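Q: This is what each chain is made of:
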Amino acid sequence: MRIVFTGLGAVCGAGLTTESIWDAVRTGRSAIGPLTRWGAPRCPVRHAAEVVGVGAHTLVEDKKLHKFLSRTDLFGLYAAKAAIVQSGLLAYREKLDTPTAKRFNDRTGIFVGSGGGNYSSNYDFFPLMTQAGGNLQTFGRELDSSVNPMWLLTHLPNNVLCYIGIRHGFKGTNACITNQCVGGMLALAEGAAAIGAGEAERAVAAGHDAPIEPETVLHYHRLGLLAEEEVLRPFDLGRAGTVFGEGAAAVVLETAEGAEARQAPILGEYLGTGCVSEGTGIVEVRPDGDGVKRAIELALVDAGIAREQVGLIVAHGNGNRASDASEAVAIRRIFGERPPPVTAFKWAFGHLIAGSGILDVVMALTALRKQVAPGIPTLRSLDPALAPLPVSPTAQPLSGNIAVVLSRGFGGMNTALVVRAAAEAVQ
Amino acid sequence: MPRRRVAITGIGMVTPVGLNAPNTWSSLLAGRSGVGSIQTFDARGFSTRIGAEVKDFNAESMIADRRLLKFASRPVQFALAAAEEALTDAGIRPEPASSSRWGLSVGAGMIGVAYGELESVHEFCAPKGEFDADGLLDDGYPADPVAFCRSQTNAGLGLLTRHFGINGYATSVHTACASGGQALGTALKVLRRGHVDFMLAGGYDSMLNPIGLSGFCLLGALSTDNDTPERASRPFDVTRNGFVLGEGAGFLVLEDWEMARMRGARIYAELAGDGNSLSSYRITDSHPSGDGPIQAMQQAMSDAGLAFEDVDYVNAHGTSTVMNDRSECAALRAVMHSHLQHLAVSSTKSCMGHLIAAAGAVEAGVCALAIRDGIAPLNANLIQPDPECDLNIVRGQSRPVRIRAALSNSLGFGGSNSCLAFRHPEAVAVGSEP
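Sequences listed follow chains A and B, in order.
Everything in the first sequence is counted per my numbering, starting at 246 for the first residue and increasing by one.
Everything in the second sequence is counted per my numbering, starting at 4 for the first residue and increasing by one.
Restraint ranges, calculated between C-beta atoms of paired labels, are given here:
1. B:R6 / A:A346: 28 to 38 Å
2. B:K73 / A:T303: 40 to 50 Å
3. A:R412 / B:M262: 37 to 47 Å
4. B:S305 / A:Q508: 27 to 37 Å
5. A:E306 / B:M262: 50 to 60 Å
6. B:A337 / A:D342: 18 to 28 Å
7. A:G300 / B:D137: 19 to 29 Å
8. A:N393 / B:A337: 28 to 38 Å
9. B:A67 / A:G300: 49 to 59 Å
10. A:Q508 / B:G132: 50 to 60 Å
11. B:H345 / A:R552: 51 to 61 Å
12. B:L222 / A:W283: 20 to 30 Å
13. B:I386 / A:E339: 46 to 56 Å
Some, not all, of what chain A presents toward chain B, calculated at C-beta under 8 Å:
14. Y368
15. M374
16. C407
17. C421
18. E460
Treat the hints as calculated values from the structure; they're not laboratory data.
Quick caveat: nothing in here was measured; it's all calculated off a predicted structure.
Beta carbons are placed, not taken as given, at the ideal position from N, Cα and C, and that holds for glycine.
Okay, chain A solo, but in the shape it has when bound (with noise of 0.2 Å):
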């Protein structure tokens, strides 16, 4: 069965549509600029990919729904309806007789990979906390008085799942997947996988986060993963760790048959995905790219590719010292002195955590249809260890109509996802 993509959506510093964000990737320009949603003067980090001046109204326009939403399910929710809208889904099902469009929604499926829980959710307490000193009789007492009784729901990891299914009427086969940056990547396989097992005929897959959080900031500045300077540079020999981004990316997914009966736009291929665990602990990388070997190796398997036919690797390339190396070492150790082009996007949007791999796979997607390798401009000079690795500070040509993305996380967690681009892009 061929499984195909009818639908991309994506929201980021870099722009409101795939196609603007493309544009900003193509041109070199890069999101990371000075936090401008919380500040403190003594932190050592004060920049990130944040999306500037987009308020709730234009992700959501159902004001209704603002007060059950945080600011990460609008980014999913918008995401999200733009590939559905972009896939005709919904003008499809306008058309069908009542029991055969309840069948279609039973038939849709809905994955999403979600940031989960956030740091300052919990901040709504604060002026309870202050109000009890400390004395939990008096917080439990005065609760009612202080927090939103919808405090709970407004922060559901699940609520972009939810609320897919309620604003778009789709009730098939589900999940939301709390895998920290891989979330994103694995929703879209596990909705590939649904529609491969025939649990459902088409889904809805997206990833998002907004991690630009005091918190998060500063813990992984204390960890080593964050760069003070204003700038992510993949594979670079001065790399000093990654840059957070936020927002989300969305793709619709169906059976071949099934896109071309409803002469839906088929944007690419869905080819195969692999999934492995280091077990290495929480934070903890292994340095002979273990991980990355085994999910580009499963991938190709799934995918029933030669390694040969890959023409473009977009890497995670999160400008941490020890992920970029060992994602180095696992490219060499599958293809050889001679890898295809690779890129990397993460310099142009920051690192969107759980909406990284699947915004990645949009990116590719659309690189696969221009049939470009956009180029790395943050790139100096490459790391010599890391050589040989064909990325490059301007584009490149693609060897083949084939890409692997890379995602990877905490956890020890590693995906590689096989995308090929649709037919009429490659005649």
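For this one, chain A is given, so just place chain B on it according to the hints.
A: The following block gives chain B in isolation, referenced to the frame of chain A:
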């Protein structure tokens, strides 16, 4: 290629009614309640002051690695202990040569930050109630990287894979009260795909802390029967008035059926089917008609190759809230037709409360034990059945039943509905090919 069958070969539990699976199971069969006044913090000012706490838990007695435990929150410690029990029970565990053939699928709770850590942030950043991030940079602020690691959404996944040496597929899901069921459903699918041969799968949660309790008190979702805690959780009783918040963990070892048979493993039951739907109705409830749970149950039976007449026991979600129990009954009525009065139904939340993200995993273990022992556990505290819940509920005492197949429902806030289908191992041996 014929679809792979999946055997349940190990069970582990840490619950309010027992620190392991055998003790939990005997408590449930006897109808012993795990609900009492909350002891782990001063809840006397809250509208609900009762909960189903895990009592006398000592992680060190199960897990020798003290350094690992420092990185584990209370619910992750439950998870490590329950997983250890499940692996020991199964008589097989990951070895260096098999590590990449083992996967992990967990349903993890939503609360990562311990209340004590929130108090530190409050003290330094918001003493007057208004948050100022710069307080985090004060010299005295106890910035603790270990606490930060503990609070990560997939910290449990990281520690479980590291401690047990699991190197294959690993995932962590959260769909509120459906999380545990969905984690097991995901594990079943990953095994069927052939990406691994063994899955450690389960759920863990504790919202029994000031913030978690507040969240549910604010919604008015909890029973306020503070003076009669043991009677507070009474699913399907007409006087029910909310659920009782519990905590704990449940884990199962799942493996390829033929491989389990070949190694002579004791098989509790087959995890035979998964059904999974979204209600897309309201965030807290499914439709009164049962729409949503209906599709989940139908899918689970169809996935398992079961007809509704084959089902002898349903472990209901049965939270003891007015709306859940009614909607779930309507769904059972819609899928079970004339068979409705012939199958035993119970909600074990009547004894152990609602374990939220762990509930579906523990209750899956309950179904496997019910199949092994041929006994449907009691739905405690059912005195006056709600006439709208016209089910054959296991009342008074646990009931001997030969269970050919069982279902376990988990219906979550946010509208996710999970139904798992289990089959008696001999029902598999005589060959009811799905």
